[in-house]
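Participant: For reference, the chains in residue letters:
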Amino acid sequence: MDFEFTQQETAFRKEVEDFVKQELPPGWDEKIFRWPGGYGATPMFEANFKEFWDQSFRKLGSKGWLCLGWPTEYGGMASTMKQAIFNDVMSYYGAPAADVATSIVGPTILLVGSEEMKKEWLPKIARGDVRFWLGYSEPNAGSDLSSCQTKAYEEGDDLIINGQKIWSSGAHIADYAWLLARTDSTAKKHQGLSLMIVDNRTPGLTIRPIQNICGIHSFNEVFFDDVRIPKKHIVGEINKGFYYLMVALQFERIIMPIGAFRRILEELVKYVKETKRDGAMLGKNSRVRDKLATMAIELEILYGFYWRTAWLMDQGVAPVLESSALKLLGSELGQSFANAAMEILGPFGQLEKGSKWVPLKGMVSLGYLDSVSGPIGAGTSEVIRGIMATRGLGLPRI
Amino acid sequence: MDFEFTQQETAFRKEVEDFVKQELPPGWDEKIFRWPGGYGATPMFEANFKEFWDQSFRKLGSKGWLCLGWPTEYGGMASTMKQAIFNDVMSYYGAPAADVATSIVGPTILLVGSEEMKKEWLPKIARGDVRFWLGYSEPNAGSDLSSCQTKAYEEGDDLIINGQKIWSSGAHIADYAWLLARTDSTAKKHQGLSLMIVDNRTPGLTIRPIQNICGIHSFNEVFFDDVRIPKKHIVGEINKGFYYLMVALQFERIIMPIGAFRRILEELVKYVKETKRDGAMLGKNSRVRDKLATMAIELEILYGFYWRTAWLMDQGVAPVLESSALKLLGSELGQSFANAAMEILGPFGQLEKGSKWVPLKGMVSLGYLDSVSGPIGAGTSEVIRGIMATRGLGLPRI
Amino acid sequence: MDFELNEDQRMLKASVHHFLEKEFPKELIKKLYQSDDGYSSELWRKMAALGWMGLLVPEEYGGVGGSFLDLVVLVEEMGYNLCPGPFLSTVVLGGMTVLMSGNEEQKIDILPKLTRGEVKLTLALSEPNTIYDPSYIQVTATLDKDEYVIGGTKLFVPDANFADYFLCVARTERTPNPEEGITILLVDAKNPRTKCTLLRTLFNSKLCEIVFNDARVAKENVLGTVNLAWPTVTAIMEKAALVRCAEMIGGAQAAFDMALQYAKQRVQFDRPIGSFQAIQHHLANMWIDINGSRFLLYKAAWKMSSLIRASKEVAMAKARIGNVYRRVTTLGHQIFGGIGFTMEHDMHLYHRLSIEGDQAFGDQDFHREKVARELGL
Amino acid sequence: MDFELNEDQRMLKASVHHFLEKEFPKELIKKLYQSDDGYSSELWRKMAALGWMGLLVPEEYGGVGGSFLDLVVLVEEMGYNLCPGPFLSTVVLGGMTVLMSGNEEQKIDILPKLTRGEVKLTLALSEPNTIYDPSYIQVTATLDKDEYVIGGTKLFVPDANFADYFLCVARTERTPNPEEGITILLVDAKNPRTKCTLLRTLFNSKLCEIVFNDARVAKENVLGTVNLAWPTVTAIMEKAALVRCAEMIGGAQAAFDMALQYAKQRVQFDRPIGSFQAIQHHLANMWIDINGSRFLLYKAAWKMSSLIRASKEVAMAKARIGNVYRRVTTLGHQIFGGIGFTMEHDMHLYHRLSIEGDQAFGDQDFHREKVARELGL
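The listed protein sequences derive, respectively, from chains A, B, C and D.
Read left to right, the first sequence gives residues 240 to 637 (my numbering).
Read left to right, the second sequence gives residues 240 to 637 (my numbering).
Read left to right, the third sequence gives residues 326 to 702 (my numbering).
Read left to right, the fourth sequence gives residues 326 to 702 (my numbering).
Be careful, since some hints might not be right.
The list that follows gives simulated cross-link-like pairs (lysine-lysine, PhoX-like), each with its CA atoms no further than 20 angstroms apart [what the hints assert, rightly or not]:
#1 B:Lys-509 to C:Lys-637
#2 B:Lys-600 to B:Lys-515
#3 B:Lys-595 to D:Lys-520
#4 A:Lys-523 to D:Lys-520
#5 A:Lys-523 to A:Lys-358
#6 A:Lys-523 to B:Lys-509
Facing chain A, according to a computed beta carbon distance under 10 angstroms, are these residues of chain B, among others [claimed, not checked]:
#7 Glu-262
#8 Met-520
#9 Ser-525
#10 Thr-533
#11 Arg-636
Derived by calculation from the structure, the hints in this document are not laboratory data.
Using N, Cα and C, we set each Cβ at its ideal position, and we do this for glycine too.
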C-alpha cells in the first residue's frame, strides 16, 4: 500500500497548481461558484462564461490536460490518476477542467468508436475545440433511460431524428449533441437504442432554455423535428447505445469537482476561527466543532473512493461499486455540507452573493439550493444503490 | 382540541398509580427489566416470573383492568384511552399490564367471534385466568405470514393440525395457542388461512425453547404432530384468518410499554446530574444535553401517536397510519434510546446487571441487545412502511 | 383529550384555505416573493377585513378576540399556500408585544389600526454579533432630556421594509445581570436617522438591516417598563417561534401532498414510481415526520391558549419542526427529480422557506438547549 | 498510490484467515467468550509460534520486525473471525509501550517472552472518574525509599485477569500542567496488594477493576522517564485505537458477508429478500460504510508504518469506524430478522463487540473533538 503520489504525480500537481493560480483572472473567486455534488450552478454551462471557458479549454488542450486519461497514442498520458489530480486542483480553484466532451464523449469513442470517428473527433476534443451536450433524458425517460422515445429512422445514408430531450445541460453553449435515440422500435426497450453525434446547427433542432432553481440557465429542452444526420455519426454499432452508455458511467464519476469540497471546508474553518458570536468564537462551540469534524471525515472518505476509483481504472478495472459510491457520497456530501454550513452560519448563511453581511461569498445559499440536484442528476441515489446491489453485489433483480 | 385527560381519566390514572406502587414487591425494580420497543427481555414470558405474573393478572382482572377497552356489556369500560393510561403507568413501573390474551385474543373474539366463543373465552380473559401465545410465524413465514404452511384438515367435527411455529413468545408459560393455520390448500395464499384456539396440553403439541440474544428464554419453537382440536375452536369464519389478523394489528400497537421510555429518560437525566466525569458534571456537557433533549422530543412525539391512536380507536376509527407510526417509532426509539444511553454512559453502559459499577441497574446493556428486536418483531419496519404507503397513503402495490 | 379542531376552527381553516387558493395563485406568489415589495396591499386589506390581523386582538380594541390556537390554525393554512407579507411581524412581533406590554394609550393608538390593516410593525432584535443573547446586545438607547437617543445596527429584522414602526430592543443600562437594562422602544420607521436596507436572501424574505444613527424618540415611546423588557422579548420570541412552526407544518404538508400525488402519477420503468419501495418509504417517513411534529405544535399552542406555561413544548416543537420541514422538502425534491428543480415548479419555494423557518426565532441547537434546560439540566 | 496489500501481507492475511477458521470454530469462540477464562492457552501458544505476538517486536528481541500495517492486516482478520484473547492488550498496550519507553534491560527481559507467548501484559489507565484525561487521574504512586507505593482504583482495564504485568499509569507528582507528573510503572500482577476483579459486560470482554492498596514496586520498575510518561500514553492510545479499528472493520466485513449471503437465499413473498429495494439499499449502504472507512484505517496505518504523524487520520478512523461497525451489525440483525436474534446465531457476537469497540480507546465524541483540534479549531 501507498497513499502518496509518485514524484511525477507530485510534480504534475504542482505544475497544475502553478498554472491555475497564474491563469485565473483576478477576482475569479468572486465571480464564479460551483457547489460540488450539484448540477444547477455549473459555470461552464452559463452563457456569460462561455468565452472565458472556451479560451481556457484551448489553453488546457494545448498543454495536453484535456485527455490525461487517454492512451498515449491519442495524445493522452494514460493516467486516470493524473486526470483525478488535475480535476482536484482545478475544482479547488473553481477553474475549468473537464466537460462532457473530454470525460464522456472522448472515452466512449476511444472504447467503441470506429477508427474514422476516432480520427475525426479525438483530436478536436483533446484540443478543447468542441463542446458537447448530453442528449439522454426525456420528459418520460429520466431515471429510466431505456424508455427513450426520441426516434431516428434510416433514410438512405442518413438518419432522420424526431423527438424531445430535456435537462440538456449546456446545450445552448455547445456545438454537438451526444444523443441517445431509438433506432429500432421493434426491439426490447434496452436493445433498440443508439448513440449518435448531432451538430447543433442542423435544421430542425431547436433549443429552449429552462431556468433552474438557482436562477441559472444551465438546462434546456431540445426539440428534434426531422433532423437529418449522416449515418456515420452513429457511435460504434447501431442499437448498442444503451450498453455503451452504461459502460461510460464510470468515466463520468471521476469528473466530480471534489476540490470544491476541500475549499468550502477550509473557508468554513477559517470563518469560525475569525467570527465571534454571542461573545465567543464560533470555532469554540462544540456543536460547531462536531459539524466541521464530521465534514472533514466524510470528505476524507470521499477522497478515498475518488483516488481508489482512479487507481482501479488505471489497473484496467471497471469499478462499479467504487464509482457508484463516489457519485452517491459526493451528492450526499453536497447536501450535508450545505446543511452543516447553514447551521453553522445561522441566518448569515441565507444571504445571497453581493450582500453586505454575506459570508463565504454567498456560496452557502446557492449551494443549499443546488445541492438538491446532486442526488437527482446523472442517476438518482435510488437507482445507483440499486445498481450497486445488483451489478456490484450480485443481489437478484426483482 | 384538548391535551388534558378528563377528570375521570386523571382520577383513574391516580388509582392505577397508587395501586401499582402498593402492589409491587419490594425490590421489584432491581429484579425485572424490559426495554421498550424490544421483544427479547419481556419478563412476562420468563418462567421465573410466571407465578407472580399469574397472580398479578388475576388481581388486575378482579379490578376490571384487563379489559378496559372492551364494551361494557363484556365487563369493559369501553375506553381505549383508559387502557392506554393503564399501560403507560404500569409500564413505567415495569408492572404486569397486558398480554396476548387481553390485547389480541379478546378484542379479536369481540370483533369476529361467535356468541358461544365470546361466552366461553371473554370472561376467562377478563379475569386473568388464561394466557395465550401467538402462533403466527413459521420458519418460512416471517414477514410474509401468508406463506403459513402449518396445515389443519377437517376430520368429522375436528381439525387435525400438522406443522411448525417459531418465535412463539411465551408458549412455554401459556395455556393456549392463538394459531394461524392453512385450512384450504387450494385457495390463494391469503385466502386459505384460519385462526383457531389450541390447548397447549393437546397431545402432539411439543414446545422447544429458543434462547434469545439477551440470554432469556422468551421464544419457542412449537411442533404440531396430528394435533386434534374441535372445529368449534375456529375463530369466526373458516378461511378468514389472515384478514382477522390484519384487523387485529391495531389492537396490538397500543400495548406498547411506553412508560418504560419515560422511566429510562428520567433515570438518565438523574444520572447525568449526579455524575462527574473528567471534572465536570456529565449533564453540563453540550453533547450529552443534545442527546437527552433529542430523546425527550422523540418520546413526546411517540406519546402523540400513542394518545392519538387510542383516541381514534375510541372514535371507532381503525388508525392504520397512526398505529403503524406508533410501532415504527417505538421500535426506532428503543434503538435510539439504547444508542444514546450507551454514548452518554461510556464504558459503564456495557456493564451488566449486578456489577459493582453498573449504572441504571444494567438496563442499558440489556436494552442495547434487546432493541435490535424492535424493528424485527410484530412486523419489520420495512413491511410496516409498506403498509403505511399502500393501505394508508394509497400508493400502488407493485 | 380531543385531537380535533372545534367547529369554528374548522370553518376558519376551510375559509382561509379557500381564500388563499383563490386570491393567491402561485404565479402571484412567485411574483411577490421575487419583487422587493413582497406583498399586495389590496390583498392585505382583504385579509384585514376577514379579521386575520385582529384575530388575537381583544374586542375592546376592535379585534376578534380569538385564541392562540386559532392563530395557529390560520397560519398553518398560510404556510400551506405560502401566503406572503408581513403578517407574522405585524401580528405577533408587533401586535402581541403591544398587547403584552403597551400602556392603554399605546394599545388604543395602535391595535385598532393594526386590526384594520392600516399599520405594520416589526421587532428589531438580532444584531451582527448576536442572534439573541441579551449579554451581547449593543444597540443602545440613552436618555437625553425627554428623548431616547438610539445608536447601533440591527440585523435580520423581518419585514422592516414594510413596517410603519420598529419595536427596537435596546440596552438602556449596563447591569451585572445582562437580562436587565433592556428596553423596547417604539420607533417611527420614517425617523430620518434610521436607515433600513433590505438584505437579499435565499427566499428574498425581506430580512433587513436597520442602522440607528442617533435616532431620537420621545420617552413616551417606551413600550412597557424601562430596563425590564427582556421577559417580554422572551415571551414574544416563544410565540413567534411557535407561529413559525405552524407555518412550517403547513408548508411541509403542502410539499408532502404534492409529492404524494406525483408519486402516484409519474411512471418510470413501466410503473408508477410510488410503487417502488424506496419511494414508498420516503413518503411514509414524510408522513410520520409531519404528523408527529404537528402534535408538538398543537400541544404547545393549546397550552398557550390555555395560559399554561409552554416553554418546553415550544422548544420541542421548534427544535423538531424546522428539521422536519427541511427533510420533507428535500425528499420532495428527490421524488420530483428534474422537474422540481426548475423555477416554474413550486417545490423550491417550500424548500427555500424551510431553511429560513428553521433558523427564525432560534435554530435547532438553540431550542434543543432550551429543552435540556427544561429537563432540569 | 497503491491500494493493494503487498505479496507478504496477502499471504499473511490468507494464512491468518485459514488458521482462525480452522482452529477457532464459532462454537469454541462462544464457549471462550462466555467463560471467565476467555482464551485458550494452547491456541495462544500456536499463535505465538506463528509469530503473531512478536509481529512488531524487532528481530533483536526475538520478534518478526514487521510493520504496523502488517499488524493491521493481521488484526483485521482476527476481527473477522472474532478471535478471542488478550492479544491487543499484550501486543499493543503492553509490548509497544515497553518497546517505546522501556530501557534495554526491560526490553530484553520482557519482549522475547512476549514474543514466545509466555508473558501477557496490559495497561491500566481509566479510572472511575475519568476515561483518560490526565487532569483527573487519581491513582498515585509515591516514592518511599527505593519503592513506589501505588494507591487507587483503575477501571475497565482490558484483560487484566490474564495479565502477568500491569503497566499502571499513575500520578507521581502534582504539577500545574496536568500532562506532567504522570509515570508508568510495571506492576507484577501477583503483587499481594493488588486486587483484580473481572467486570461482567455485554460481551464479557474481560474488562477489569484493579484496586491498588498501597502496592509497592521497586523504582526500577518505572517504564520510561518519571513524570514524563503522558506522551507515551497518548501515542499508545493512538496505536491501540487504530488496531481496534482494524478489528472492527474485519468484524463489520464478516457481518456484511453473512447478511449478503442470507439476503440472496432467504425467500419471503415468493422472492429472495435481497431483491427488495429496501434490503438492496441497506446492503449498498453497508458496503459503502465499510469500504469508505477501511480507507481511513489503511491510510492511518500506512502513515504510522511510514513514521508520518497520523493523529488526525487515527482520530478520523476511530470516530467513524465504531459507528460503522454498530450500524452494520444493526442492519445485519435487521436483515436476518428473528433467526439472528437467537444465541445460536453469530450475528449478536459482532453486535456486542461493535459497541465495545466503538467505546474502547476513546469514543466517537472524543475522537471527533480530536479531529476538530487537528483542523486547527
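Participant: For each hint, tell me whether it holds in the structure or not.
Facilitator: The hints, checked one at a time:
1. B:Lys-509 to C:Lys-637: 18 angstroms, holds
2. B:Lys-600 to B:Lys-515: Roughly 18 angstroms separates the two Cα atoms, so the pair holds.
3. B:Lys-595 to D:Lys-520: 14 angstroms, holds
4. A:Lys-523 to D:Lys-520: 42 angstroms, violated
5. A:Lys-523 to A:Lys-358: Outside the cut-off at roughly 59 angstroms; violated.
6. A:Lys-523 to B:Lys-509: Violated. A:Lys-523 to B:Lys-509 sits at ~28 angstroms, over the 20 angstroms cutoff.
7. Glu-262: 45 angstroms, violated
8. Met-520: 15 angstroms, violated
9. Ser-525: 5 angstroms, holds
10. Thr-533: B:Thr-533 check fails; min Cβ-Cβ to chain A is 12 angstroms, beyond 10 angstroms.
11. Arg-636: This interface hint is violated because 14 angstroms lies over the 10 angstroms limit.
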